[in-house]
Amino acid sequence: MARKLAGLAVTLLAASFVIFGASYAAPGDPVTFLAGGKENLTPEYLAAVRAQYHLDDPFLVQYGRWLGGAVSGDLGRSLQYNDQVADLLAARLPSTLALVGCTAVLFTVLGVGLGVLAAVRGGRVDAAVVAGTTLATSVPPFVVATALISLFGVRLGWFPVMGGGSLWHLTLPAVTLAVGALAVVSRVTRQSMIEQRELDHVTVARASGLSERLIVVRHVLRGALGPIVTMCGLVTAGMLAGTVIVEAAFGLNGVGSLLVNAINTHDFPVTQAVLLLMVTAYILVTTLVELVQPLIDPRARRPA
Amino acid sequence: MLLSVEELTVEAGGRRPILREVSLTVGRGEIVGLVGESGSGKSTIARSVLRLLPQRARVSGRVLVEGDDVLAMGPEALRGLRSSTVSMIYQDPRSSLNPVRRIGDFLTERMVHTLGRPKAQARATALELLAAVGMRDPEARLRQYPHELSGGMLQRVVVAAALAAGPSLLLADEATSALDVTTQAETLALLRRVQAERGLGMLFITHDLHLAAAFCDRVHVLYAGTIVESRPAKELFADPRHPYTQGLLACTPDLGDPRPIRPVPGRPPSLDDAFDGCPFAPRCPHATGRCESARPEPVTAGGGAAACHLLEP
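First to last, the sequence lines map onto chains A and B.
Be aware that the first sequence starts at 0, since it is given in numbering that gives the first Met the number 0, and climbs by one per residue.
Be aware that the second sequence starts at 0, since it is given in numbering that gives the first Met the number 0, and climbs by one per residue.
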């Protein structure tokens, strides 16, 4: 456990360095934005701004100052909004988390369901599931979003097309995101089930007169759970950084739109904080998946 | 008769059938051995008794358990047969148990989910069974996972589970082959004891002719999907009639016997080797032209039967 935590800390540190270095190396100078208008672009004024924001310090000094702040919870001030970055994140995070949460529930239930259906039924059902989910995943999310908005939002008027705040608002965006994950989740479920089904102990269970439904639930799906949980966790973790397009399409004020906006305006503190948050979330989710594995498979438990 | 296999032929795409007109019987309280090399179709016979054959297999003949034809019965009757009449014990106990479920789940699953007994009663039965197969501290075993037990212990668990529903027929498919010698002896003694106590019929499948001769009442020798010799165990061992059985017995070294070990020449036939005559003819030291062209029929020999042209009067 201590080793795991230490590994987590080292990964975060390395990620923070890469994030800071990337935004430092990015083209464009934040000073030009900070200065305000063209009339302010005098060398003296720029130098003053640089000094005010510590932009003239060496790279490592800047990194050290930022890291020190980040560790103590101070992520700096946004250059654009002049707000605390932490406050900006706190305002945006809930809607992104709610969106990702809804999506995770959707693609887990539908993806695993379709995968089980494909594995158990086989034949045409299997082919239809594989083809259908592949097609659904290969359509880009902005197309799915547009189609859903025009059908369910405008034509039928069942769901709101803009904004967040309720489950009802999140339905269409969550469906859009979930559609992209269906293929991989259902495929992993199907493959894992097919592998498990071939194992001897499943035949043994069948030979003891267990009904086919119970064999699937108690033995095949139960044994296939490891890869399914891992894949669902990874997809969810990846989604935390991939909500940009859907947030833009449905006018959600989430972390994704904050990030894009920050990048466009060279708002370094916000960019860095959002990226760091995404990396942290990814690492947390994957660590969680790792911690869950021994609960699924007793062989992965360490001998006490 | 408890188990009666009649003219069973199973084909699954090869150039010759996996089984060809196999007939055998197992009575109550009787241990019948089934001996053959790998690929001879031994396991297919056991599987057909539980109708666990691959879907593409073409099957003809009858497999009667207590008078009912397994190959023709409906799904409900088949589940009833699998859950309460016939139990199978497999070669590798480690792969017979679901690695992520507890021993207790494995033992009570059949009782709770197919026979509909209450959980508490199933648990009590499981404890009794574990004690009956000689496991110490059965309470603790129920909570353990398969990877925490040794192969010999697991095979005891498998035997206990096989007895759970009070079956009348046991199918032991290489039940001791994957165990080391001491656990093998323990498991054999255990099988013999439960068989005698409960008056079970047992089909004992092995590749070891010596073991079969020592353990069984009658022995069938299987070669390339056909039964080549069926004899009472002692007589088969003392006086094998079919050249293949003679070859099998000559394969094993004997203490105090200076004879050199003579392996059966050639290789076991695959499913792509088709035969017009006797399937053993290509490997038989006594084969004649007739052996290559005409299939031998079983003839009475030494208290049983053997299918060989050389024995024909």
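Because the hints were derived from the structure by calculation, they are not lab data.
Don't take each hint at face value.
Unchecked claim - Coverage of chain B stretches by chain A, computed from C-beta distances (three or more under 8 Å per stretch; other residues unrestricted):
| # | region |
| --- | --- |
| 1 | 58-65 |
| 2 | 80-89 |
Stated by the list, open to error - If you only want the chain B side, here are some residues facing chain A, beta carbon under 7 Å, derived:
| # | residue |
| --- | --- |
| 3 | Leu51 |
| 4 | Tyr144 |
| 5 | His146 |
C-beta atoms are modelled at their ideal positions from N, C-alpha and C, and glycine is treated no differently.
Here's how the hints hold up against the structure:
no., hint, result
1, 58-65, "violated (count 0)"
2, 80-89, "holds (count 7)"
3, Leu51, "holds (6 Å)"
4, Tyr144, "holds (4 Å)"
5, His146, "holds (5 Å)"
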